[in-house]
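Chemist: If you read the sequences in order, they're chains A and B.
The first sequence lines up with residues 1 to 446 when you count with the working numbering.
The second sequence lines up with residues 1 to 446 when you count with the working numbering.
Just so you know, the hints here were simulated from the structure itself, not pulled from any lab data.
Check before you lean on any hint, since a few could be wrong.
Which copy? The list can't say, so a pair holds if one copy fits it or any two copies do.
BS3-like, lysine-lysine: derived pairs with alpha carbons at most 27 Å apart [said to hold, decoys possible]: (1) Lys219 x Lys61; (2) Lys60 x Lys342; (3) Lys280 x Lys358; (4) Lys219 x Lys342; (5) Lys151 x Lys187; (6) Lys277 x Lys342; (7) Lys187 x Lys60; (8) Lys151 x Lys237; (9) Lys414 x Lys60; (10) Lys61 x Lys342; (11) Lys60 x Lys219; (12) Lys219 x Lys414; (13) Lys358 x Lys277.
Chain by chain, the residues run as shown.
Number of protein chains: 2
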Amino acid sequence: MSEVLPDRIEEVISQSDLYSETSDTATVLAQADEVELALLLESLPIQERIILWQTIPDHKKLDVLIEMRSDPRAVLVSATEPEQWDVLFTDIDAEDLLELADSLPQELFERAYTALDRLQKQYYTEADQYPEEQIGHWISHDYLVLPINAKVRDGLRLIRREMPRHTDVIFLINRSGHFSEAVPIAKLHVLPEHLHLTDVSLDDFPIISAVEEGQLVAKEVLLSGFGALPVVDENEKLIGRIDVTTAAELMQEYYEGQIMASAGMDEDEDLFSPVRKSAKGRAIWLGINLLTAFVASAFIGMFEATIQQVVALAVLMPVVASMGGIAGSQTLTLIIRGLALKQVTSANVGALLSKEFKVGGLNGVIWAVVIGVVALLWFNDPLLGLVIGIAIFLNIIAAALAGVFVPVILDKYKIDPALSGSVILTTVTDIVGFVAFLGLGTVFLL
Amino acid sequence: MSEVLPDRIEEVISQSDLYSETSDTATVLAQADEVELALLLESLPIQERIILWQTIPDHKKLDVLIEMRSDPRAVLVSATEPEQWDVLFTDIDAEDLLELADSLPQELFERAYTALDRLQKQYYTEADQYPEEQIGHWISHDYLVLPINAKVRDGLRLIRREMPRHTDVIFLINRSGHFSEAVPIAKLHVLPEHLHLTDVSLDDFPIISAVEEGQLVAKEVLLSGFGALPVVDENEKLIGRIDVTTAAELMQEYYEGQIMASAGMDEDEDLFSPVRKSAKGRAIWLGINLLTAFVASAFIGMFEATIQQVVALAVLMPVVASMGGIAGSQTLTLIIRGLALKQVTSANVGALLSKEFKVGGLNGVIWAVVIGVVALLWFNDPLLGLVIGIAIFLNIIAAALAGVFVPVILDKYKIDPALSGSVILTTVTDIVGFVAFLGLGTVFLL
Chain A
1 MSEVLPDRIE EVISQSDLYS ETSDTATVLA QADEVELALL LESLPIQERI ILWQTIPDHK
61 KLDVLIEMRS DPRAVLVSAT EPEQWDVLFT DIDAEDLLEL ADSLPQELFE RAYTALDRLQ
121 KQYYTEADQY PEEQIGHWIS HDYLVLPINA KVRDGLRLIR REMPRHTDVI FLINRSGHFS
181 EAVPIAKLHV LPEHLHLTDV SLDDFPIISA VEEGQLVAKE VLLSGFGALP VVDENEKLIG
241 RIDVTTAAEL MQEYYEGQIM ASAGMDEDED LFSPVRKSAK GRAIWLGINL LTAFVASAFI
301 GMFEATIQQV VALAVLMPVV ASMGGIAGSQ TLTLIIRGLA LKQVTSANVG ALLSKEFKVG
361 GLNGVIWAVV IGVVALLWFN DPLLGLVIGI AIFLNIIAAA LAGVFVPVIL DKYKIDPALS
421 GSVILTTVTD IVGFVAFLGL GTVFLL
Chain B
1 MSEVLPDRIE EVISQSDLYS ETSDTATVLA QADEVELALL LESLPIQERI ILWQTIPDHK
61 KLDVLIEMRS DPRAVLVSAT EPEQWDVLFT DIDAEDLLEL ADSLPQELFE RAYTALDRLQ
121 KQYYTEADQY PEEQIGHWIS HDYLVLPINA KVRDGLRLIR REMPRHTDVI FLINRSGHFS
181 EAVPIAKLHV LPEHLHLTDV SLDDFPIISA VEEGQLVAKE VLLSGFGALP VVDENEKLIG
241 RIDVTTAAEL MQEYYEGQIM ASAGMDEDED LFSPVRKSAK GRAIWLGINL LTAFVASAFI
301 GMFEATIQQV VALAVLMPVV ASMGGIAGSQ TLTLIIRGLA LKQVTSANVG ALLSKEFKVG
361 GLNGVIWAVV IGVVALLWFN DPLLGLVIGI AIFLNIIAAA LAGVFVPVIL DKYKIDPALS
421 GSVILTTVTD IVGFVAFLGL GTVFLL
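Chain A with its partners taken away, still in its complex shape (with noise of 0.2 Å):
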């Protein structure tokens, strides 16, 4: 069903009548909910992305940009006329303005203030003391809440009212407005109305702190079994809550940086983002390995004597350095995984040094036998081959160590191990390797 439009993207794209209203293309557009329109558009290149956007009917507009990543949307906010911004703002709450806030213009996100009312001005306020890594940022205020004393006529009576999605319990606050316990909903069709709500409470709810970091608070949520959990303040008050859903796209954005930030990219980046701009981006990436490539290269410089007179070194470099590379990054992605999952912490920090100096004892023992007879062969020189085997070996161990203290390190000091992680670890794997190589190379093969 819903998933019509990503299958028919293709079909869609193609066709060369995209921008009239009466084409099968408007149809399938009229079909399609927020989320498909936003990957929808982010896919398409920025000319026909703006084409596409004036087509979607006004009042879509809102959510559509609300699902989007932030560089996409940045292309449509400065592609939409200024009058059609009050139209967009009409519905605005906190939430929506919180998600889009980064994206607007100073002129646009005052206008788009000016259009909430007193209860979601106060909200924006105090979700924006939270930073944006922090659950308070993201919390909504779509939930049933009740008085402590309340009974079960007074919860059915609130459900008969309204529903937001994914409730299943109703919260109970206290005078001071302290979350205090959580009524299922589910037993409120069982029971006899005059009963205490409190009476049929669960046990251990659990709450929220708004502090807490957004992606563990998104996996809470999640494996719960609840459809959202309670948000409170510093001092126990209950501020909102955090649903299923907002926690699926906390959990989705974190992934997606993750895997971005191992390439030296952010979640928001544009599959079409202009080119200057996506230069620019990446530029700052590529100029700090260039940095740590130079330093290789002054490591190997210290050899150029050896190698002018044994050029088989600088044939077989690149493998000490994959080798390297490589074992390296496997240990510090299953450490860098472990960090995040809470199951690296300073009591088995040891433990796994211990194991992980093992593997790369034993895969270094074995690759340095592989690699060194394979030297041996291709040279016809024994030494080269035990030179080499020595180096590889090495520079496993080296790896396997790195692999572990890099991102423990990083992550002590608050620095995210997935976007800087790799880069570390290269740069002592190169060092490393050529120095063991050719050093020894310089003590065996001259």
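Given the structure of chain A, go ahead and fit chain B onto it with the hints provided.
Modeler: Frame of chain A, contents of chain B only:
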């Protein structure tokens, strides 16, 4: 609340009285849910893991095993006494067994299967027809269902009897068991009891086909705004549902799988797998990468004579290889995400290629100049600067094109680009880089 455990892993592990049931540790463990226990067990070295496992009450053990990744789980399966399994399998159902099946030796699997009642056996067989990649494998059978001629009063009666987690609608089926409509439970409370449910059902409720790909369905369920979506077989018969918690687990496994694949590992990798097993698993990936490194070496070997005369070429080789590899991995990562989101199709691949070509061209020119100047100053040789500049430019362009083509072609042949994309890509950039650099060096510098 339920966050208590991960934070205390450290404490728990470091306590020497881990296996005294009267200790603090025992108290902490008693409060922990199965997800937390699974995470904790995975984070322990094997001996400690087995000791802790033995202190977990039998009635929790099956649920804990189900939450674990399969490699660390296998350790505990072998450490469990044969006579214990009958207790563990007491309440096993089809979903549990589908999750565990791969970790159980044949004999244990048969005991578990025998413990299922007739209905659960049928569920098992039904779901097991679908491979793990398809959503049909992961369906659950806890949902509310009524015939299409049912009335509001039937709905109310049903929800008073049972209310599975994440249930916000009742599914309606026709006489042949085909899914027909979904009725929001919230509406039942406000409608006359004699009304037909079909009069208040939702239009266009999303339906999942059992053969759809797990991770795509997971996203759809999570973003649908509903607690669960119905799954139908190829005859449109309702066979189960996927709720948001199952969807979240599938999504997490998918993303972790992508991240681990980039280092040639899989999502089930154990932090503390036995050294030999771990070394063996990683050796394959090291071997594949070694082959590509030898290919690069072979190309360098073609230019031995040149290197001997201009050793600076050997010194600068890592710079050429590194810039190509990094630029390529940026494009690759962006395209892999686009493919996963179904945003990259044959309709826009041309436009993407053209954009990446331009981005590569721009960054190629910039870094060619920077690196050319550095080389000139370092080795005081303008021709060397020219040679490396041209090689860098060509390699960044090649990287951009390979970054688009490699994943698109792999995807077309159903090979996961997250696993093999970067090996192939760096092989391309290594060869292009070395041949361009050393080849131009041979022409201009000899």
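Chemist: Now tell me, hint by hint, if it's right for this structure.
Modeler: We went through each hint and held it up to the structure:
1. Lys219 x Lys61: between (30 Å within a copy, 22 Å between copies)
2. Lys60 x Lys342: between (40 Å within a copy, 22 Å between copies)
3. Lys280 x Lys358: Close across copies (12 Å), not inside one copy (42 Å); limit 27 Å.
4. Lys219 x Lys342: both (12 Å within a copy, 25 Å between copies)
5. Lys151 x Lys187: both (12 Å within a copy, 21 Å between copies)
6. Lys277 x Lys342: between (36 Å within a copy, 24 Å between copies)
7. Lys187 x Lys60: Close across copies (25 Å), not inside one copy (37 Å); limit 27 Å.
8. Lys151 x Lys237: Only inside one copy: Lys151 and Lys237 sit 22 Å apart there, 42 Å across copies, limit 27 Å.
9. Lys414 x Lys60: neither (39 Å within a copy, 35 Å between copies)
10. Lys61 x Lys342: Only across copies: Lys61 and Lys342 sit 22 Å apart there, 40 Å inside one copy, limit 27 Å.
11. Lys60 x Lys219: between (30 Å within a copy, 21 Å between copies)
12. Lys219 x Lys414: For Lys219 and Lys414, only the intra-copy Cα distance (20 Å) is at most 27 Å; the inter-copy one is 30 Å.
13. Lys358 x Lys277: Classified as between: cross-chain Cα gap 11 Å, same-chain 45 Å, threshold 27 Å.
Violated hint: 9 only; the structure is consistent with all others.
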